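Now for the letters of each chain:
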Amino acid sequence: MKQKYRGEKLFLFFLIMGLSLFYGEFYGKSLPIEQAQLIIIIDFNDFMCFSCLDSFVEFCHSLPFHSKDGKVCGVLVVNDADKTDLSFKIVEKKLRGFVSANNIKFPVLVDYLHIFNPLAEDGTVIILFNHREKCIKKYLFPLKREQKADILKALKD
Amino acid sequence: MRKRKICMGVLFLAVLFCSRFQFIQAEEVRQVSLEEVLSIGNLDDNILFQWAGVAVDSQNYIYVTDAMDYCLKKFDCQGKLQKKIGRKGQGPGEFLAPRLLDCSRAYIYVTDQYVPGFQVFNKDLKFQHRIPLRMFINDFKVISDSEIAVAAITSDQICGILVLNTKGEVIRKFHYSEKNSSLMMNWIDFDFDSRKNLYIAYNFQDKIAKFDPQGKKLWSHSLMKMKHVKKKKIGSFVVPCEIVYKDIAVDSTGKVYVLSGEFSKNPSRDVYVLDPEGKQKAVLTLPEGSHCIYIDGSDFLYSRAGDGITLKKYRIVDSERQAESMNK
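These protein sequence lines map, in sequence, to chains A and B.
For what it's worth, this note's numbering labels the leading residue of the first sequence as 4, then goes sequentially.
For what it's worth, this note's numbering labels the leading residue of the second sequence as 128, then goes sequentially.
This is chain A alone, in the form it adopts within the complex:
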């Protein structure tokens, strides 16, 4: 039992570390605590399947704000643990092309350390940190209409 909790604690630790990395280091300032935040975890397998990401791109375009407010951040998760430095650089270049061609306005980073891998086991997902409702929610792509409405409402509040 203790073992199980230990694993979960470790996972939470890495998750918090990851979040603080994105929201602390990369934006240089923290958000007001009541604002909702979103992490979009993109599975590399979906990333290479152009039709799989349609729902993702459509959702990104429906976000009513820009990257500078720091509410949204993307993470590209690469499942293959054997990836070399070179192959990560190739992934990064592809990501650059994808972000530019699809006019994605928030930052998307490659998860070199596989921190977010456990969260992307079911494919591309959204993690919503809803401070007002004091909950964290996970949504799988493709999103249902009501899920999309939930997320957008939380971000607007």
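Hints listed in this document are in silico derivations from the structure and should not be mistaken for laboratory results.
Computed from a predicted model, the values in this text were never measured in an experiment.
Some hints here could point you the wrong way.
When the alpha-carbon atoms are kept at most 20 Å apart in a straight line, the in silico DMTMM-like pairs for lysine to aspartate or glutamate are as follows [to be verified]:
1. B/Lys215 to A/Glu136
2. B/Lys210 to B/Glu162
3. A/Lys92 to B/Glu415
4. A/Lys86 to B/Asp171
5. B/Lys268 to B/Asp378
6. B/Lys352 to B/Asp434
7. A/Lys92 to A/Asp160
8. A/Lys86 to B/Glu415
9. A/Lys86 to B/Asp434
10. A/Lys92 to A/Glu61
11. B/Lys215 to A/Glu61
12. B/Lys334 to B/Asp397
13. B/Lys207 to B/Asp251
14. A/Lys92 to B/Asp434
15. A/Lys74 to A/Asp88
16. B/Lys406 to B/Asp378
17. B/Lys406 to B/Glu296
18. A/Lys92 to B/Asp172
19. B/Lys334 to B/Glu296
20. B/Lys358 to B/Glu369
21. A/Lys151 to A/Asp83
22. A/Lys74 to A/Asp160
23. B/Lys250 to B/Asp203
24. B/Lys408 to B/Asp397
25. B/Lys207 to B/Asp172
26. B/Lys215 to A/Asp57
27. B/Lys211 to B/Asp184
28. B/Lys334 to B/Glu389
29. A/Lys92 to B/Asp171
30. A/Lys137 to A/Asp160
Given the coordinates of chain A, assemble chain B onto it according to the supplied hints.
Relative to the frame of chain A, chain B by itself:
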């Protein structure tokens, strides 16, 4: 004693025969090397992100489709980007996933993985018109400004190559298989030689075949000596999940180049070189795995590197052929 001598003699002759046979085999199937002459796209630039198709026109301009940024790109023979057009969409000059392309004297024909038919551009990459089709395209070759040969993915015509006019109307049909195979088993890549003979590489069968311009089968060969590929069930469909041959291309001398799939010594890298009669003459190995090969009018070979961020152009170096020409 005499018997023993005879036995030894027979054994000696047998060994000699075998070694000579092996020597002949080794001589027939020789290694051909590749000399890189051009590389387009690297880690730092923003030129290619995930190239899918390549074609070269008679003036040596290189045209490439890029699926990651939904573009058609034109490069000069030094690899300098001349022009690019396209963005995500389904309007004129827009793509969802640009894939195959080929060029005639005047036009570039481009397919989209998710939109049936062709978009036609002039050499300046200006959109001209669409050729609407009801079927998706597995492979195609432009025969002339007025004829396009298409291996289409449909339930009833999967074993056929259709020759279309510029309006997309079928003007000829050619059946390369009479058998009604299971789903995807008759998917092919194909190419023509200068005499309009047709060469076919099956994607999910160990079969390379040649047909004359009248559609008569001239030969059929297996290079991998295998019987079946693995299949898996997806929903109610059973589909093959291992690729035997990925692409086929013919050079100006009639040599046939077949890119291997998952069953060769170097998967997606070994290219089998056959003579026009289908005899294997050589194997060349690409430095990196590729999804396709293309041979231009000057017999340069193009393939993928860096998982699609780089296009490589190679000179095919056949040392024996070089020695022969030096002697002459």
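*B/Lys210 paired with B/Glu162 [C-alpha distance capped at 20 Å]*: violated (27 Å)
*Holds or violated: B/Lys358 to B/Glu369, with C-alpha atoms at most 20 Å apart*: holds (8 Å)
*Would you mind confirming whether the straight-line C-alpha gap from B/Lys352 to B/Asp434 stays at or under 20 Å?*
violated (29 Å)
*asked:* What's the verdict on A/Lys151 and A/Asp83, does the C-alpha distance respect the 20 Å limit or exceed it?
replied: Violated - the C-alpha atoms of A/Asp83 and A/Lys151 are around 30 Å apart, more than 20 Å.
*Measure nothing beyond the straight line between the CA atoms of A/Lys86 and B/Asp171; if it is 20 Å or shorter, mark the hint as holding.*
holds (19 Å)
*asked:* Just to be careful, I want the Cα atoms of A/Lys92 and A/Asp160 compared with a cutoff of 20 Å; is the pair within it?
replied: Judged against 20 Å, a Cα distance of about 38 Å means the pair is violated.
*CA of A/Lys137 to CA of A/Asp160, is that 20 Å or under?*
This hinted pair holds, its Cα atoms lying about 13 Å apart.
_Given hint B/Glu296 paired with B/Lys334 - CA-CA distance at most 20 Å_ = violated (30 Å)
*With a cut-off of 20 Å on the C-alpha distance, tell me whether A/Lys92 and B/Glu415 pass.*
holds (16 Å)
*Assess, step by step, whether the Cα of B/Lys215 is no farther than 20 Å from the Cα of A/Glu136, and give holds or violated.*
violated (37 Å)
*Are B/Lys215 and A/Asp57 close enough, with their CA atoms no more than 20 Å apart?*
Judged against 20 Å, a Cα distance of about 11 Å means the pair holds.
*asked:* For a C-alpha distance cap of 20 Å, please report whether B/Lys207 and B/Asp251 respect it.
replied: Holds. B/Lys207 to B/Asp251 sits at ~15 Å (cutoff 20 Å).
Consistency with the previously given hints fails for numbers 1, 2, 6, 7, 10, 15, 17, 19, 21, ordered from lowest to highest.
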